[in-house]
Amino acid sequence: MPYTAEISRTNPTCLLFLVDHSSSMDGPFGGQPGKKKSEGVADAINRVLQNLVLKCAKSTGVRDYFHVGVIGYGAEVKPVLVGTSSARPLLPISVVANAPLRVEKRTRPTDDGTGKVVERPYRFPVWFEAVANGKTPMTAALELAKDIVGGFLSTHPDCFPPLVLNLTDGQPTDANPLGVAQTLKGMKSSDGNVLLLNAHLSSSPAAPVAFPNTEDDLPDVFSKLLFRMSSLLPTVMAEAALEEGYKLAGPARGFMFNADLVAVTRFLEIGTRVASSVR
Amino acid sequence: MGQVLPVAVPRAFWLPRQGHSPDEWEDAFACNVPAGRFAIADGATESIYAGEWARMLCASFVDDSTNVTELGPWLGAAQRRWQAHVRGEPTPWHVAEKLEAGAFATFLGLRVEVDGTSDGRWRAVATGDSCLFQIRGNALCQAFPMVRAAAFGTRPELIGSRQRARVAVAADNGTLWAGDRLLLMTDALAHWFLAEHESGRQPWHEFEQLTEADFAAWVDRHRKDRQLKNDDVTLVVIELGETKT
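One line per chain: the protein sequences are X and G, in this order.
Note that the first sequence covers residues 108 to 386 in this note's numbering.
Note that the second sequence covers residues 5 to 249 in this note's numbering.
Don't read these hints as lab results, they were simulated from the structure.
Please read all numbers here as calculations on a predicted model, not as lab measurements.
Yeah, the Cβ is synthetic: ideal placement off N, Cα and C, and Gly gets one too.
You may find that some hints are simply not true.
Label pairs and their in silico Cβ distance ranges [what the hints assert, rightly or not]:
| no. | chain 1 | residue 1 | chain 2 | residue 2 | range |
| --- | --- | --- | --- | --- | --- |
| 1 | G | Gly141 | X | Arg227 | 34 to 44 Å |
| 2 | G | Ala153 | X | Ala182 | 49 to 59 Å |
| 3 | X | Arg154 | G | Ala143 | 31 to 41 Å |
Listed below are the simulated BS3-like cross-link pairs for lysine-lysine, each with C-alpha atoms no more than 30 Å apart in a straight line [said to hold, decoys possible]:
| no. | chain 1 | residue 1 | chain 2 | residue 2 |
| --- | --- | --- | --- | --- |
| 4 | G | Lys228 | X | Lys212 |
| 5 | X | Lys354 | X | Lys185 |
| 6 | X | Lys165 | X | Lys242 |
| 7 | X | Lys143 | X | Lys295 |
| 8 | X | Lys143 | G | Lys228 |
| 9 | X | Lys354 | X | Lys292 |
| 10 | X | Lys292 | X | Lys242 |
| 11 | X | Lys253 | X | Lys295 |
| 12 | G | Lys233 | X | Lys242 |
| 13 | X | Lys162 | X | Lys143 |
| 14 | X | Lys143 | X | Lys354 |
| 15 | X | Lys162 | G | Lys228 |
| 16 | X | Lys354 | X | Lys295 |
| 17 | X | Lys295 | X | Lys331 |
| 18 | X | Lys162 | X | Lys253 |
| 19 | X | Lys142 | X | Lys242 |
| 20 | G | Lys233 | X | Lys295 |
| 21 | G | Lys228 | X | Lys295 |
From the structure, some residues in chain G lie toward chain X, with a derived Cβ separation under 7 Å [claimed, not checked]:
| no. | residue |
| --- | --- |
| 22 | Ser25 |
| 23 | Ile52 |
| 24 | Tyr53 |
| 25 | Glu93 |
| 26 | Trp222 |
| 27 | Gly245 |
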């Protein structure tokens, strides 16, 4: 059965985030006028990286269950995670863990154990800064992802299939990305095909469309394109989506349209749920 | 029914999950035969210093002398030991963050009360899916706290090393006869055990005359056949003395 390989230190998997850096990312989310999309996405990715590190952290060190990278696409298309480069686009999670740009102190409401909610400080490491500059060369980003994932698969042929999560607010400006997306999804390990998930960030207050099983209800050519580019959710992610309260009608695609900040965070949580099966 | 003799020396077997070294085994057990107290625990992999927490829970329980009908002073003692253990040097942000959350474990504590003149009795408390099975003659006489294989999930109840909120705990007890066997298991093995029993088999026979080498080979074979989840595995076998005439 595909998507059941154990993720371990001897058989790690790859997580690659593609992040739209185009100028329009400077605009606010549809339903949240005070929050720039670029900042919301940076926060969401930093949070998901933090969660991944915490999943892998033990007293003896951080276990390398994941190799992680972030590609930004806007004025340039390149690896943007601190410590990565074109020559080394992925880093083991232990290296990521110990080299954030900075660790901020933030607070969050927490149950104090007696039912009373208090603001508690917590550490918020930042690896990835907000950027909004240029066009939307999504096809070039997917081409780069294809090379990076291909390199990983050549050295990890039996891994849990690599995950590529693409976050964008606009239409591709370089070429039609469907072909390269299909090629990327056609690459595989012995445990199944590479998974490509797409989230479209909303500039309008319209309700998000989450994990659809048909493109019929999507409003335009662009949203239908992203739908077609997206993989079917494997069982582990479909179960995570159900747990998060999403209703799935039939085989769902790893796709969100008109996602607000809350939806993006949940999208990333579901898309990285494989982390719960680490060994 | 014959006279119940003192508890025989328990036999314990354990293995880390495949791909992990022995010092990464995060289950634990402890036995205090003179006091008739036994414990088994399974540290939650996602938490930090979880193996230490599981060991401290077990050690505190078997060193305690209070009744086994609910949580006892052993829990607070274990929490203080864990907190003292992790206090100290500055740590990287990810260790610090996880230390604040604390470590978590499932737990089962057992007390065997036998005086050699009448029926004995066992009493146990449990949080989560670490299990006790009582075998009498050739039958599974009692299972606690899990009674069905399907009830095992991925999120068992846990005891936290910094927990201040109420701990979900179950308690049970039963009679003991000479020749009874009590098996303590962490979840992977317990799940297999119940599934086998539900299929009409008598899985306790697998553990008779078991040696450490046999156990490693047995676990390896069952993992390969995917009958046993790749997880830390721990088994404690406690045999009540044979009937004397």
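Do the hints match the structure? See the list:
Between glycine 141 of chain G and arginine 227 of chain X the beta carbon distance is about 55 Å. The supplied range of 34 to 44 Å is therefore violated. The supplied range of 49 to 59 Å is met by alanine 153 of chain G and alanine 182 of chain X, whose beta-carbon atoms lie about 57 Å from each other. A hinted range of 31 to 41 Å for the beta carbons of arginine 154 of chain X and alanine 143 of chain G is inconsistent with their spacing of about 52 Å. Among the hinted pairs, lysine 228 of chain G with lysine 212 of chain X is inconsistent with the structure: their alpha-carbon atoms are about 46 Å apart, more than 30 Å.
Between the alpha carbons of lysine 354 of chain X and lysine 185 of chain X the distance comes to roughly 36 Å, so the proposed pair goes past 30 Å and is violated. At roughly 41 Å between alpha-carbon atoms, lysine 165 of chain X and lysine 242 of chain X are farther apart than 30 Å, so this suggested pair is violated. This hinted pair does not check out: lysine 143 of chain X and lysine 295 of chain X have alpha carbons roughly 36 Å apart, beyond 30 Å. Only pairs whose Cα atoms come within 30 Å are accepted, and lysine 143 of chain X paired with lysine 228 of chain G is rejected, the gap being roughly 51 Å.
Simply put, lysine 354 of chain X and lysine 292 of chain X have alpha-carbon atoms about 25 Å apart, close enough for the 30 Å limit, and the pair holds. For a cut-off of 30 Å, the pair hint linking lysine 292 of chain X to lysine 242 of chain X stands: about 24 Å separates their Cα positions. Straight-line distance between C-alpha atoms of lysine 253 of chain X and lysine 295 of chain X comes to about 11 Å, which keeps the hinted pair within the 30 Å bound. Simply put, lysine 233 of chain G and lysine 242 of chain X have alpha-carbon atoms about 49 Å apart, too far for the 30 Å limit, and the pair is violated.
Distance hint between lysine 162 of chain X and lysine 143 of chain X is fulfilled; the C-alpha atoms sit about 29 Å from each other, no more than 30 Å. This hinted pair checks out: lysine 143 of chain X and lysine 354 of chain X have alpha carbons roughly 28 Å apart, not beyond 30 Å. As the CA atoms of lysine 162 of chain X and lysine 228 of chain G are separated by approximately 26 Å, the hinted pair is consistent with the 30 Å bound. For the hint linking lysine 354 of chain X to lysine 295 of chain X, the alpha-carbon distance of about 28 Å falls within 30 Å, and the restraint holds.
A threshold of 30 Å between alpha carbons decides the hint, and for lysine 295 of chain X with lysine 331 of chain X the separation of about 24 Å falls inside it, so the pair holds. The hinted pair formed by lysine 162 of chain X and lysine 253 of chain X meets the criterion: a straight-line CA distance of about 27 Å does not exceed 30 Å. With a C-alpha separation of about 21 Å, the suggested pairing of lysine 142 of chain X with lysine 242 of chain X holds against the 30 Å cut-off. With a C-alpha separation of about 25 Å, the suggested pairing of lysine 233 of chain G with lysine 295 of chain X holds against the 30 Å cut-off.
Distance hint between lysine 228 of chain G and lysine 295 of chain X is fulfilled; the C-alpha atoms sit about 24 Å from each other, no more than 30 Å. Contact between serine 25 of chain G and chain X, as hinted, is not supported at the beta carbon level, the nearest pair being about 10 Å apart and thus beyond 7 Å. Hint status for isoleucine 52 of chain G relative to chain X: holds, with the closest Cβ pair at about 5 Å, below 7 Å. For tyrosine 53 of chain G, the interface hint holds, the least distance from its beta-carbon to any beta-carbon of chain X being 5 Å, beneath 7 Å.
Interface hint at glutamate 93 of chain G: violated, since its Cβ lies 12 Å from the closest Cβ of chain X, which is beyond the 7 Å cut-off. Given the 7 Å rule on beta carbons, the hint for tryptophan 222 of chain G is violated: about 20 Å separates it from the nearest Cβ of chain X. Taken as an interface hint, glycine 245 of chain G does not check out: its beta carbon lies about 40 Å from the nearest beta carbon of chain X, beyond 7 Å.
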